[in-house]
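Enquirer: Please model the complete structure; the sequences and the hints are all you need to start from.
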Amino acid sequence: MKTVDFSIAYNQVHRPSKVALAVTQKHDGSYNLITLEWFMRTSIRPPMFAISVGHMRFSHKCLEANPYFNLVFPSSDMKELCMSAGSTTGADTDKFELNKVEFIQGKLKGLPVLTQAKAVFECEVVTQVRSGDHTIYVGQVKHSWLKEEGGVLVFN
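In the working numbering, the protein residues as written are 55 to 210.
To be clear, the hints were calculated from the coordinates, so they are not data collected in a lab. Hints should not be assumed to be uniformly reliable.
BS3-like mimics (lysine-lysine), calculated; alpha carbons at most 25 Å apart, straight line [said to hold, decoys possible]: (1) LYS80 / LYS133; (2) LYS163 / LYS115; (3) LYS133 / LYS201; (4) LYS196 / LYS72; (5) LYS56 / LYS163; (6) LYS196 / LYS80; (7) LYS163 / LYS201; (8) LYS172 / LYS133; (9) LYS80 / LYS56; (10) LYS163 / LYS196; (11) LYS196 / LYS161; (12) LYS72 / LYS133.
Expert: Here it is, written out as structure tokens:
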């Protein structure tokens, strides 16, 4: 073992990374997608997830204005969407239209539930913490969706 700079050590251990998507609502009522590498489950009862979003990201502005998000666990055939959502800004791009995203309206605030996803969790932000150049948003899960073997998302 030797002491090294953080970025050198981290680059050796964080690949392959697990990613998720978050759906947020834009100021005009349309929807935005962001690819996330920093997310985690934070509570069993009630069920909660935390997502970390950079202050400079458009999605940060969306979450500050509308404290709801859908946490999307993508299926393997959503790789291109994850790459696109993480490399374009929703400030001037409709990522749903650009990527021809198929969805149904969710139960909480109508945020999109992506039909190709493995699972989707509709969350209401209950607390947030500033963490350096990011904000950690903790969302309580209000509704859960799971893709069944037939390829259909079911509500729980």
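Enquirer: Compare the structure with each hint and give your call.
Expert: Verification of the supplied hints:
no., hint, result
1, LYS80 / LYS133, "holds, 23 Å"
2, LYS163 / LYS115, "holds, 17 Å"
3, LYS133 / LYS201, "holds, 17 Å"
4, LYS196 / LYS72, "holds, 23 Å"
5, LYS56 / LYS163, "violated, 50 Å"
6, LYS196 / LYS80, "holds, 20 Å"
7, LYS163 / LYS201, "holds, 21 Å"
8, LYS172 / LYS133, "holds, 13 Å"
9, LYS80 / LYS56, "violated, 46 Å"
10, LYS163 / LYS196, "holds, 11 Å"
11, LYS196 / LYS161, "holds, 9 Å"
12, LYS72 / LYS133, "holds, 11 Å"
Hint violations for this structure: numbers 5, 9, all remaining hints satisfied.
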